Structures are given as structure tokens and as C-alpha cells.
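Put the two chains together into one complex; each comes in its own frame, and the hints tell you how they fit.
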Amino acid sequence: MSSVENTVSKPHPGKALVAGRRSRLRPPNWRGSVAVVGFFLLWEILVRAQVSGFAQIPSPVTVVKVLFTSYLLDPGYWESWLTSFQRVLYGFVLAQLLGIPLGLLLGTRKTFNYLFYPVIELLRPIPPLAWVPLSILFWPTAELSIVFITFIGAFFIIVINVHDAVRHINKEHLWLAQSLGASRGQIFRRIIVPSVIPSIAVGMTLGIAVTWNVVIAAEMIAADSGLGRLTWEGYVSHTGPVVIIGMISIGIAGYLSTLVVDWVEKRMMPWKTR
Amino acid sequence: MTAKIRSIASAAGHEAQLDLAPRPAHGKLTITEVGKIYDPQGAAVVAVSDCSMDIAAGDFLAIVGPSGCGKSTLVNIIAGFDNLSSGEILLDDAPLATTEQAPRPGSDRVVVFQNGALFPWKSVLDNVMYGPLVQEVMTHREAKRKALDLLRRCGGLDRVAEAYPAQLSSGMQRRVEIVRALMNDPKVLLLDEPFRAMDTVSKTTMHEHLLEMYHVCRKTIVFITHDLEEAIFLADRVVVMTSRPGTIKTTLDVTLPRPRTAALLASEDFRALKAKLSAAVHEEAKRAFERGEREQA
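Going down the list, the sequences are from chains A and B.
The opening residue of the first sequence carries number 1 in the numbering used here; numbering runs sequentially from there.
The opening residue of the second sequence carries number 1001 in the numbering used here; numbering runs sequentially from there.
It is worth saying that the hints were derived from the structure and are not from the lab.
All values reported here derive from a predicted model rather than from experimental measurement.
Partner residues aside, some chain A positions facing chain B, computed with beta carbon under 8 Å:
(1) ASN170
(2) GLU172
(3) HIS173
(4) TRP175
(5) GLY181
(6) ALA182
Below, simulated DSSO-like cross-link-like pairs (lysine-lysine); rule was C-alpha separation at most 30 Å, straight line:
(7) B:LYS1146 to B:LYS1203
(8) B:LYS1144 to A:LYS171
(9) A:LYS272 to B:LYS1203
(10) A:LYS266 to B:LYS1144
(11) A:LYS272 to B:LYS1122
Virtual Cβ for every residue (Gly too), placed ideally from N, Cα, C.
One chain only, chain B, in its complex shape (with noise of 0.2 Å):
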């Protein structure tokens, strides 16, 4: 594991990394062959099937892929909330979720839903605070100074730590769900469609924001989506789902120089990009669209 500011292999020979945090020590995702059956009545459905990637520590991986190809599924299964079928998944080399254990949910792996999960009965802090003092590994002394800091440092998010959730807006509270999985430090962050119901106006601007964390505070991520411009912009690496079964159809590099602002979205690069994922993800879509599935997510 390198641990060299600029190294993110597929931006090498880009020299506008230095504002992007050192690459973390842990977070190193090896998924192999995985595949998941779902079996409700008899009749099998293959969600996932033979899905294998390997995402070094505090890369930006997305995932892009029609509705119902399983995205979902795969981040529910790395995050403990279900079970795989076959294959394994690896956390810094040891065993994250195989055949034999029952899922296991932890703080090293902390999911972000499309819908927002804040806790509404919770203030943003209370929110904040909920995984450290749960888990008894901070005083609430401790967790309150590390969570305004926290909050502080993604945006100025402290200046509504007394609000409710429902006095935010959308991309207020989901910017907040962030900072409230990073509190604990988890390893992976698992992004499952969180902009999914924004505007394109407020989406540039989470995006924005997104990306300053992930300066700031430098996680493994995993980043569910089926915009592709939002997965060219985000990540490092986008891997393209087929629908039913879902498997890995393309990955694509994404070479583009971070720090990474809005003015890109217009370059040539990011253009050529966009073309060469669309080519790939539309046949996949148009073969979803055709056999009529619906929505999975």
C-alpha cells in the first residue's frame, strides 16, 4: 500500500492532487466472484453474479448501471446487511462477508441511502454523535468536540448542529448523513444513490461539496449511481453493471486532475469520457429497458 500524496493510479502524471489527503492506511476492498440469489419463493433470481473488483485504500470507486442490476445488492452485502450466495469479500485482507459468516453490519463501513437516514428525533449533533457514544469509545465530551469540528471543517455544517433533521434541506442533511458516517472513521463509505432526488443545480454543488470531504477526510469510497456525468465527475474509477445478472460489463479509468470543479464538466476530456460510458452503459439499459424490469432500487 503506497502512501504517497499524488498516487491515484489512474490520475498519475497529474499534478493538481496536493490538497487531497494522503491515501489511508486501511480500506482496501477486494471483492472476488461474488454473486447473490435471492430465493423468496422457489424461484431463484439472480441479483449479483460473479462480480470481482479489487478497490485500493482511498480510491473513489462508482458503479453506474440500469435499475436493477444489483448495485444496491452488492453495497448491502459489503455493508453487512445481507448475505452473499458464493465468492467472498476482503477488508485489508481479511474476511468481510463469506459464505459461511452472517452479515455483519460495523462502523468500518457506514452507508449513506438515497433517501436519507438521518434520525429525525435527533439534532444534526445528536446525529453526529450517535455512532461514537453507542459504541462507548468516546466520552460525549470527546464526541461533541469531534463532531463540531467535523461538522466545521465539511462545509460549515456546524452553524446548524442544534437543527432537526426536517429543518435542513435535502442536500443540507445529506451532506450532514456524510459527516455523520466519517465520525466514525469507518474504512469504507458506502454512497447508494445519495443525490439520487436533487436537481442538477443542487446536485453540482453536492458534488462539490462531496469532493471537498473527500480532500479533507480521505475514505474508500463506493458510489452507487446511474448518473454517469456524477460518476466521471466523483470518482476514480467507474465500473459499469450489466442488468440481470448483475455482473461487471466495463470498468473505465478516470483521468482526470483533482482537485476537480465545475468548470470540468464543460472540458474536452471530461466530454470524451462521458461519450465512451455512455457507449457502454446504453446498451446494457436499452436491454433492460426492452425486457420491462422494474425498478429494483
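With the rest of the complex left out, here is chain A (with noise of 0.2 Å):
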């Protein structure tokens, strides 16, 4: 028999791995930044011509002063930060660590299956924020109340994914597993919880995002520290520029949880290439 080269493979599939792994520069997109510039340059000239709308909004430019003059150099608007990051963190890894383990039950157990399922789907579709009543009553402080809140954005995401993995595993992983002589347990963790991972990041991705527009909203109605308070303040004592101030750092914020969750993602999937 002649060697493998003959094969339609790859000739070097290790080594076109590691090609495709390193991103490629993309060239400069230099339509996007006319486009940005022009939003920019069209929001001036909107608030400039007074026209109707825009009688309270803040031009970008007297925006962008006020952050640099009054908030880059501020240590209360990092705190801010700060306290809405924490949030966020508190409760999406709370959510990971209750929900991650509730999914995979749910989806190993039939009566565990039986018995909870039912209670989850009831409380599933209840908006995160219509918990906010009840959580402020409950929870002896807001801080608690909110990191509960931001903690039930995400958590029924994250159980619900899980769970679903766990249903649809590739039942000839699980028959090869057992032909190949593992047992229960090593089935679970070594078929079962590796084939639910990358539902564990579906389920991490959108739990980041909801997680941050429930800690903003909760702040608004909730707090008083954050991003959200600080966007809220803004606009009931009728300082324009701080609404701004406070949307564009929750988008950047949003954005870097958002980093770094795939980031995480990443390294819990070696195998996935792109």
C-alpha cells in the first residue's frame, strides 16, 4: 500500500492548524471609520441647528468635555465602574456555579428531571427585573438584592442550555464510551461534560449580555452606586452630558466582559479552531 499521500486529506493538518489559529489582520475598514466620524460630525450638527428633540441633548463635543474636565480624573465615576464590574461578577459566576451543575442534573436525572423541572419552567419566563420588588424585600441589603437580580439574568440561560446539551449528546459518544469500557462515572465527566462545554459558552455569552442590561436597569431603580445609578442621576438633575457619559462607559463595559468571557471560552474549548 502505497503512504498516505495519496489520501484527499490534508497533507499537514497539524500545521494548517496552526495557520488558521493566528487571526489574520483584516485590512483597515476605512468606510466604518467615515461612517463613525460621520455620526458623530451629524449629532453636532443636529444639536448645533436646534433641531426638535434635540433641545436637551448634549453635543459630543461639550461631551466629551465634560468627561475629560469633570470624570476621567474622577475617583467616584471609577467606582462606579468598579461597583457595577463587581455586579456583574458576582452574579454571573454565581449563576455559572448554581447553573452549570443544575443543568447537568436536569438532563442526568430523570427524577430529579421530574421533580424540578416543572418549578424552573415556572419561573423561567419572569422577566429579571420584575424580580426586583420581591428581591428588595427579600434581601436585607440592595447590594444583595441586585447581585440577585443580575444573578437571575443569566442563571436560567445558563441551566436551560446546559440542560438541552445534555439531552442531545451524541448518543454514539456515549455507546463508543461504553463499548470502549468506561463506567457511569467516567461517562459523565469524561463524555458528558465535555460535550456539554460548548453550550456551557452559548450559554455564558448571552448570560454576559443580560446580565449587563439587568445590573444597569436594577441600579436605576435599586441603588445608589454604579454605572446605571450614574446614568440615571444624570438625567434627573438634568445634566445631559453625564446620560452620555454614563451609556458610553455601560457599552464599554459591556464590551470588555464580553472579551473576556470569550476569552474563557477559548481556553475551555482547545479543540474548537477559528
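Next comes the structure, spelled out in C-alpha cells:
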């Protein structure tokens, strides 16, 4: 028999991988840059021309001015960042720590599933923000209630994702593991858990986005600190630039969190090439 | 059980078997009047009925038949993924599947599925080492040495030992999967349409690779397919199954010499066998088609 070179497969898959993993530099997107500049220009013009609706909206130039003069060097501003990040972190991590095992149990234990799945289905459709009043009544501090609401935002997503993934595990993987002599415990640890990791990743991506949504809204309603509060106070005190600064900060914070989550997900799945 | 190097009963008289490994001592499958009835909602569906065949240790048997004829059911019963409703299966004269015992998968009969079931989160090497390691019959070092050796002998696959399955072509994946099965030194290798999704050119290459592995590391092989050429090219014997209920319609001995190469496909003998097999299968396929049965595989 001739060597493997006559196969239709790639000659050096190992190498192909390494090349594929390196992110190729894309040519700069000049159209996009033009559009972004255009956006701010249009905004500035609309404010200066006093188009209706823009009367109370600050111009980008004002926003930048305020940002540099009274926010970037203000420790209070950065404290808002820290506070919101902490809430997101606690709520999100807690949701994963409780949600992943719960999803696995729901997927693998029939009795457990029969007992608890209906309760989860009952609570799941309730939007996280609907929990705000109850949460304030229940938890002794505002901080705990906000973390709890944030937790709710990510919890059901991860539970449902993991549960669904366990139910849809490749039956042939389970069969093969049995054939090859794996015990029940080994199948759980070495087949079921790695099989659901991609779905955990999806749950985390969705969860982190919802978590930021929830934490900002909850802060506006129930907290006296954080980026959500900062934005809301800007509105209440009729200081337009603060509202915009808050919005931009929240956007950046959400984006940074997504980067971190993406980074974690990549580490979780070294076998995924892309 | 004979252990003569050239003794494939059906290929008697041919002398070109020199590099075929000796017939293994284990792996005789005796399938006696096996039946399988699925009864999900009280409406009994007879998937397999009265199926008997004897497969000598080291034989390469192909089973062909229309979609839904119970080929895969039979493989799943042998593999221990499913129970049988009647009859029994013996492996080396010991009961493997009976109506009394619960189905029990084991590393002595490993399946390679049509869609492939390599664990995507493990590297090629870890996939191949998985069996001996979970069974704790080898140390990590022993398993690694054996795995690399086996990969190398099966067409130089040790080159991709560190790659993940998703980085390989489907052909490579399937070959690795066969190596993973061989790593457990199974008595029986069950191949359930492993090359089904491949184009003709890749398929031919895969056939050569499979035969190479068969020559190096001879096992009893049960190969499910609905590709007649594939069945003839690979097997010592081709069993034709009818569709619902799945029974054996006829058996064809393939008297082609080994080693076999792609050149054989154009030979007169090959085409004669194919014509014979086509005639047997066609009638069945037509019957199944007219009943409008859906794909069961």
C-alpha cells in the first residue's frame, strides 16, 4: 500500500491548524471609520441646528469636554465602574456555579428532572426585572438584591442551555464510551461534561449580555451607586453630558466583559479551531 | 479453527494472500435465528427476523440491503447497544446476546459509525488511548507507545497524533476511528456504513486503507453498507438482507484474491460478481421502494 500522501486529506493538518489559529489581520475598514466620524458630525450638527428633540441633548463636543474635565480624573466615576463590574461578576459567576451543575442534574437524573423541571419552567419566563420588588423585600441589603437580580438574569439561560445540551449529546459517543469500557462516572466526567462545554459557552455569551442589561436597570431602580445609577442621576439632575457619559461607559464595560468571556470560552474549548 | 495463513475458505485456490495476517484465534460469531421487534406504542414493528449466519474468526463479512432492512439493528445488537427479541448470538461459543441477558457493550466488539464518533474534545492520540486507559489495562506510557505504533502502521497516521479530529478530513477521521477500535484488540470490528458520506474517489482510497489495516491487524469484520461495489471489493462474503422484516435473502461468496487493489474493480470477475449481487438486491430494493419506506439508518 502506498503512503498516505495519496489521500485526499490535507497533507499536514497539524500545521494547517496553527496557521488557521493565527488571526489574520484584516485590511482597515475605512468605510466604517468614515461612518463613525459621520455619525458624530451629524449629531453635532443636529444639536447646533437645534432640531426639535435635540434641545436637551448635549453635543459630542460638550460630552467630551465634561468627560475630560470632571470625570476621567474623578475617583467617584471609576468607583461606579468598579461597583457595576463587581455586581455583574458576582451575579454572573454565581449563576454559572449553580446553573451548570443544575443543568447537568436535570439532564442526567430522571427523578430530579421530574421533580424540579416544572418549577424552573414556572420561574423562567419571569423577566429578571420583575424580581426587583420581591428581591428588595427579601434581601437585607440593596447590594444583595441587585446581585440576586443579576444572578437571575444569567441563571436560567445557563440552566436551559446545559440541560438541552445533555439531552442532545451524541448517542454514539455514549455508546462508544460504554464499548470502550468507561464506567458511569467516567462517562459523566469524560463524555457528558466535555460534550456540554460548547453549550456552556453559548450560555455564558448570552448570560453576560443579559447580566449587563439587568444590572443597569436594577441600579437605576434600586441602587445608589454604579454606572446605571450614574446615568440615571445625570437624567434626574438634567445634566445631559452625564447621561451620555454613562451610556458610553456601560457600552464599553459590556464590551470588555464580552472580551473576557470570549477569552475564557476559548480556553475551555482548545479543540475548537477558529 | 484453522490458523493457516492463506485460509479464507471462500478464496481457496488463490495464492496472493501472503501479506494477510494469520487468522486470529478469537472472533467467531454465531448468529442464530435472531429477531428484533420494536414495540414503542404497542404497534410491533419487526425490524429483524430469523437471521442466522456464521462468521469465522478473521472473516470479512459485508451485509448489504435497502435502507431500513435492519442492518444497523443487527450491528447494535452485536455491539450490545440493543437487546434482541428472539434467538441468540455467540462469540467464540460463549453467549454474547440472548433474550435473557441485558445488552452489554464491551471492548471486544467496537463499532465505527457512519457519522463518526471520535470525541471532538480529545486529540487523535487521546482518542486512540481512551479505551485502554479507562479500562486501566495499560499505563499512560504503554498506551501512548502502542497508540503511536498502531497509528504509524495504519498508514502513517502518527503524523496527526496531536491534531484534534475537526482538523482532519472525514477520511482521516474514519481511519483514526478504526485505529481507536483496533487499539482495544477487539475480537470483532463492526463497521456501520463508515464511508457512506464520502465521494467515490475518497471511498476507494479508504477501501485500500481499510484493507491495509485488515492485512496488518486481522479481525473479524462485519461491514454494513448499501454500496455493492464496496461490499464486493472488501469482503470475503456478502450477505443480502431483505427489508422489513429484515431477513437474509442470499449469501454471496467473493472469490477474489487478496491483496486487492483498485485495479480489481475493472476486472471481469469483479463485474460478474457485481451483476450477480445487483440482481439479488434489485428486487428487494424495488419492493422496499414501492412500499415507500423511510430511511431507518
